[in-house]
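Visitor: For the sequence shown, this note's numbering begins at 68 and goes up steadily by one.
It should be emphasised that the hints constitute simulated quantities derived from the structure, not laboratory data.
No false leads were mixed into what you were given.
For each label pair, taking beta carbons as the anchor points, the in silico distance ranges come out as: (1) Pro192 / Leu90: 21 to 29 angstroms; (2) Pro113 / Leu90: 16 to 24 angstroms; (3) Pro80 / Ser202: 14 to 22 angstroms; (4) Ser75 / Arg170: 33 to 41 angstroms; (5) Pro80 / Ala199: 16 to 24 angstroms; (6) Pro78 / Ala196: 22 to 30 angstroms.
Every value quoted in this text rests on a predicted model; they were computed, and no experiment measured them.
Backbone N, C-alpha and C fix where the C-beta goes; we use that ideal spot for every residue, glycine too.
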Amino acid sequence: MAARADRSSPPTPSDPPRQFIALPDGPVAWTDEGQGPTLVALHGLPGTARDFRYLAPLLAAHWRVVRIDMPGFGETPVTTAPDPSVEGRARFVNSVLDALDLRRAVLLGHSMGGVVACAVADAAPARVAGLALLSTPGLRAHRLLRRTPFGFFSRLLRRRVVGTAMAPV
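Let the sequences and hints guide you as you build the complete structure.
Guide: Okay, structure coming up:
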């Protein structure tokens, strides 16, 4: 009989209380846990920083994990970043990194958070030590998805996010 894989139970979820920083357009909710090099987690849309509650304790064993509630989700008001475009979200993330005095970090993006992470890397490559992308849309959408009747999504799918691949750090 073949040996069975270890099926340990999932880690205890981590949901530290939100901290808040002030940006010119409003407050930003974020969490901070662990020690080591900084990893900033960007959730998908819709979603919140809480989406990383099972992954964060595993990462926090080796990393300082900063989770951000994106504007309009979790406890960050939509008015905190009035520009909802990918570039606007990237500027928002850079503003948060500035406010937290994070000069360089690995960005972990889930779904649309991965698209934003790529845009941050494109806009400020010296600030990004690396990218980790989870279920992030590709740079070229599947041909059936390109025919979506929703104008915003159709334009988003045709948009170039990153021009070149990033090399390992």
